[in-house]
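Residue numbers (my numbering), protein chains in the order written: chain L, 1 to 222; chain A, 1001 to 1131; chain C, 2001 to 2306.
By construction, these hints were calculated from the structure, which means they are not laboratory data. Cβ coordinates follow ideal geometry from the N, Cα and C atoms, glycine included. Careful: at least some of the hints might be erroneous.
With beta-carbon atoms standing in for the labels, derived distance ranges [to be verified]:
1. L/V72 to C/G2026: 49 to 59 angstroms
2. C/A2232 to A/E1062: 51 to 61 angstroms
3. L/I119 to C/T2202: 14 to 24 angstroms
4. L/Q207 to C/Y2230: 35 to 45 angstroms
5. L/I119 to A/K1085: 44 to 54 angstroms
6. C/N2084 to L/I119: 22 to 32 angstroms
7. L/E5 to C/Y2230: 54 to 64 angstroms
8. A/V1081 to C/A2253: 44 to 54 angstroms
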Amino acid sequence: MISAERKPFEEIKASISRYKKVLIVGCGTCVAECAAGGEKEVALLASQLRIDASREGSKIEFKEMTLDRQCVYEFIDQVTPVADKYDVILSLGCGAGVQAMAEVLPKVHIVPALNTTAIAETREAGVWLEDCRGCGDCKLDSFADICPITRCAKGLFNGPCGGSKEGRCEADPDSPCAWQLILTRLEETGRLASLDEIYPPANWAKQQGKGPRKIVREDQRA
Amino acid sequence: MESRTTRFSTTIFFCRQIDPDENTNRRALEKEYGGAIRFFPLPCSGRIEAQHLLKAIEAGAEKVYLVTCPEGACRYCEGNVRAKKRLEYAQGLLKEVGLPAERLQVTRAAGPLPVSIDALTRALLGLPKSA
Amino acid sequence: MIESRLKKVLTMGRFAVTAECGPPKGADPEVVRKKGSLLKGFVDSVNVTDNQTGVVRLSSLASCAILRREGLDPVLQMVTRDRNRIALQSDVLGASALGIRNILCLSGDHQGLGNQPEAKGVFDLDSVQLLKVVREMRDKGIVLGGDALSSVPDLFIGAVENPFGDPMSYRAARLAKKVRAGAEFVQTQCVYNLPRFKAFMTEVTDKGLDKKVAVLAGITPLKSVRMAEYMAKSVAGIDVPEEVIDRLKGVPAGQQRAEGIRIAVETIEALKGIKGVRGVHIMAIEWEEAVPELVEKAGLLPRPEG
């Protein structure tokens, strides 16, 4: 899923402090999965903001709403009829959710409450680990299904660097060396020889390109 | 001896396994102290969510207790361990809004079970024994 | 016609000696000149590190140009951490134009380790890909993508290998890959554990790699027990055996430097006898003054005329 983390409370508070009526909107998909922006997290943030407001004697009001997906206009349309009741929308969606809402409601001030981080897996309950950087040119098959761009701190394509120590990464000893993982898996499945080939330089244009990437499917259009 | 609870309100979340007769046993205290003590039984203390704790504070509780089963006695094995972690998470959220972590407190019932929720609460809050 | 002295010495069949020079964290060329003059006549070539450990220093390219003017044979260390393929290929041409005749291709230490931890790590290419790019620029006269160069760079191409990095089993295979990509010489991480290094070189010679690439074994003289312990514990990919640390512990503090030199001399003597080892690369970081003494005591003087 797309992983994200809630911004520090003080930052969120400052971003909406000048308003009186706040609608907090969560998303039931990715950010709910990583416990950052789902219905529960909306409720928690709302409680905190209300507790804080009452301690300061501020008259700011908070309402809560959670959409199935904040990046799909069909769901954002649930907000449209009530949007003008509020001064600001505090979005607990990922970066795409925030921007999609702003496309649908351009006159409304929409403030992000999350820092979107990565494309991740749920490694275990409560642990989300980045797996993919959206390079647009998936090469997992050449690397035993371990992405070297994402999981190697240096994004190396041709084997480990000299800093790999006991299977740990030089840049972050809490992280496993991706190349150690790749080598182990290839060895265990008898595919080590595949690494003899020199993997050529990546085509970064597929990731950076000429700006935001767009996918168009005519067969899917109205 | 003036009871502390007449000056502030207390919310108590507790595991139902501690006292299977809690439905009866908590009534005396609820009557004696009016709304100043509120009880919320849980099927397991591990079912507590940070949101329950925050909502209790939001509703005006000065102190929120979470009473779990004694160590090793959780019927669902790890419920009491999870309960503590979730309370600690909620404490972090309270600290973010400038409230002290002590507003929430997790405590273990002293075994062996069952223990009357009435007796447990009186001991916990320093209240006089029931008439 | 400027030539690579390192290449010449190796071609002559002589045991080569290279040393490392760390540029200053400042703009004063005199610092580089001074270090160069300390080493002149005691080594065949001088490596200049490229913003090592992600700390901003006088650039390797500029430092090499300064050393070149002083009559030394510099080895340009080029990491892929800081520059994309456009800049890398451009600097390869620039190095050659400035009379630099040796290049060492590396990925580089991660940017999080230095004084610019918020920098973007580029890694457009990795070290293996860079080796191939440089080789093809020189031998095929093309840049990546195939466009022809109007004139080719003249560079002796090197890589690094760490015989002590994990996973151990893959190190010789990785060296083979670098050779296939274009490496003509290799400088290794510093050696303290001779048996382990010997095992690595056996694998290298078993693969016939010693016939295709000149291996220069790394040497870093130890200054103190503290330095030895720090390297053993905190620097990734360095193996300092207990016996070495104990040797330093066995002498009073004032004599530890001398003991460190003694250990280094003994290591060099042993390395001379290992099949496939064609020279040594001395990395006396911030102790360049020790190099002349070390080279002399190891019986490596005089250096061949360049």
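Outcome of the hint check:
Range check, L/V72 to C/G2026: Cβ separation about 55 angstroms, and the 49 to 59 angstroms hint holds. In this structure, C/A2232 and A/E1062 meet the distance hint of 51 to 61 angstroms, their C-beta atoms being roughly 56 angstroms apart. Range check, L/I119 to C/T2202: Cβ separation about 44 angstroms, and the 14 to 24 angstroms hint is violated. The hint said 35 to 45 angstroms for the Cβ distance between L/Q207 and C/Y2230, and at roughly 39 angstroms that hint holds.
Distance hint check: the CB atoms of L/I119 and A/K1085 are about 27 angstroms apart, inconsistent with the given range 44 to 54 angstroms. Roughly 24 angstroms separates the CB atoms of C/N2084 and L/I119, a value that falls within the hinted 22 to 32 angstroms. Between L/E5 and C/Y2230 the C-beta distance comes to about 35 angstroms, which lies outside the given range of 54 to 64 angstroms. The hinted window of 44 to 54 angstroms between A/V1081 and C/A2253 holds, with their beta carbons roughly 51 angstroms apart.
In this structure, the hints that do not hold are numbers 3, 5, 7, in rising order.
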